[in-house]
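Chains as they are written, first to last, in the numbering used here: chain A, -5 to 362; chain B, -5 to 362.
Worth flagging that the hints you see were computed from the coordinates, not collected in a lab.
No experiment lies behind these values; they were computed from the predicted model shown.
Hints may contain errors.
Below, a sample of chain A positions facing chain B; criterion: calculated Cβ distance under 8 Å [unchecked claim]: (1) Leu61; (2) Gln62; (3) Gly63; (4) Asn82; (5) Leu87; (6) Val91; (7) Gln121; (8) Arg122; (9) Gly146; (10) Ile156; (11) Gly157; (12) Phe159; (13) Phe344; (14) Tyr348.
Under 8 Å between C-beta atoms, here's a sample of chain B residues computed to sit facing chain A [said to hold, decoys possible]: (15) Gln76; (16) His77; (17) Val89; (18) Val91; (19) Ala92; (20) Ala118; (21) Cys119; (22) Gly151; (23) Gly152; (24) Lys153; (25) Ile156; (26) Gly157; (27) Phe159; (28) Arg315; (29) Leu317; (30) Tyr319.
Even for Gly, the Cβ is constructed at its ideal location relative to N, Cα and C.
There are 2 protein chains.
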Amino acid sequence: MAVPGRILAGVLTLDVALGDRAYPILIGESLLSDAGTLGAYLDARDVLLVTNTTVGPLYAEPVMRALQGRRVVDVRLPDGEQHKTLENVSRVLDVLVANRFGRDSIVVALGGGVVGDLAGFSAACYQRGIAFAQLPTTLLSQVDSSVGGKTGVNHPGGKNLIGAFHQPRVVLSDTATLRTLPARELRAGLAEVIKYALVFDSEFLAWLEANLDALLALEPGALAHAIYRSCELKAEVVLRDEHERGDRALLNFGHTFGHAIETATGYTQWLHGEAVGAGMLIAADMSARIGLLKNEDVERVRVLVQRAGLATPPPRIGAERALQYMSVDKKVKAGRIRLVLLEGLGRARFTADYPDGALGATLAAHFG
Amino acid sequence: MAVPGRILAGVLTLDVALGDRAYPILIGESLLSDAGTLGAYLDARDVLLVTNTTVGPLYAEPVMRALQGRRVVDVRLPDGEQHKTLENVSRVLDVLVANRFGRDSIVVALGGGVVGDLAGFSAACYQRGIAFAQLPTTLLSQVDSSVGGKTGVNHPGGKNLIGAFHQPRVVLSDTATLRTLPARELRAGLAEVIKYALVFDSEFLAWLEANLDALLALEPGALAHAIYRSCELKAEVVLRDEHERGDRALLNFGHTFGHAIETATGYTQWLHGEAVGAGMLIAADMSARIGLLKNEDVERVRVLVQRAGLATPPPRIGAERALQYMSVDKKVKAGRIRLVLLEGLGRARFTADYPDGALGATLAAHFG
């Protein structure tokens, strides 16, 4: 297993070394109550704090207090994926303009992936890009959106169709915020953690198998390590492929199948991580069907995903509709769906090179 | 004077060497009627042609014809700066989504700066960035927007407040399109050409003084050279400073003063280039007032700007209001307005280091 990063007063720090856009990720218990850390890292005269009506009442106060002396304006969006729209970006931009925020101001996202993606895209568009910081308060956003610089919003025609690459200046992940996170969302976040292990790191997979109960019990040390290692694995692939032309596609393991589930259910019944959990089981199954992955490895995937509470069967929408929903996704090149498949535990490939009937048979088995 | 680029069948080609985002600018008479060139450079299966209701009827047909065999969808926006809005970006994105355009499609802007900025920003946002090509049909867009990668739209609170840096794949500048351009817009475009000369290149300035009449008479060779040299000068500064943190600010010569004129008149009575023309006269005057520029050089600026038909006096809004409008601009750092001033013909500096009363006195002299 990788050696954890430098430890400062119980805080893990990971440097994402993106050249002139390098930034640190700090992970620790009660980081958001640490005025010194917040004050030092959110360094700008004008701060726009973007949060939502659920997270704001819980965590905005310590953040505002830590930023005393600056001009802090806050925007509270309604909570939920359905509000991740261009209209709400426009609303955030209106606030920036109305308050005459300059190029040297900073947009701070306090909340989960929706808040982070929307606030980040607003920062990317305002005056062609101002600074941006993430204070992620869900496990999913701590392990997923905090690395990679993907920002954006949904379009009625599809998720994340509108967006930009925009790197944050800092990410402050407070593990204590996970205590107020609904258990279902914690498990959905674990789907992405499991994904990193399955795609990149068999040792981390073994660690997860040994520590899943500690994670579900919100043990701070276990959480910090899982978040740290997930971010580190994601950072490694993003560094190799910042603009998603190659390896980075591996991060979509489980996502293309999951996308069909999310689209079929209108993004309302399944959480993203739940769909990814089910999608990983389908992808592992297909990997075995075409002889890439051993059956015993598929079983290890199934057991872990099940223990995380993520093995809900997909809706019975039929193979044809599932295929149609998958093709709307962005992983289509010249008409053929490319998939991330496992060649072993901790090893994946992104490929459109699979036997003709394999995808149809897999979809029929899972979507009925 | 710089040696013109390689000449292929009467077409000047300038390579903008932006690393992995390098692209060529082709400049020539009747380029848009050359199906071979268009077909070769606009290489994608799916093409979204964005134009407006003025330019579309004049030039869309040859472009569509050259792209036979591809899927070409076209969007015609209403003509005018007031339509450069986030709402119209949303409309372009809707068309991309509705037609299920993939990541390998291309957005082609046919028109002036409004169409180019809006289409480019739409391409930048769609799926976090797809390919984009410019077919500029105004002198202003041929010499200004075709280099630098600035895309974006206006906000009711200010011009170009929403946008992104997104480099085109190719720029095809057809000098024949300038024959259908209103004379007033041609002169407005010349403001930017004169700006490049004043800020960067005294030899080019002398060439302009000698060839202004040929340019006003739309002589193809003179136009091609003026466009080529303007793009080359802009490319040099953009290469040094892609994200506008330093030298690139010099391109705003005349713009901060011009911005006050445009704001005061609601962006309706003055064309951008006309405001820049008047703004350059003010900036040259202020440069002389603080002893940076000789009076005889101010006179050369005045004569050239006047010959180009760009010496309209600013509205009498008073120094205080002018100052207020200038401060809304993006060139404010820590509350003090930085200005581009001339230290000679062909040499400029970006500075907030000027005597306290100089700006007020200059504004009083010009804005009454």
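(request) Output the numbers, in ascending order, of every earlier hint that fails for this structure. (result) 1, 2, 3, 4, 13, 14, 15, 16, 17, 24, 28, 29, 30
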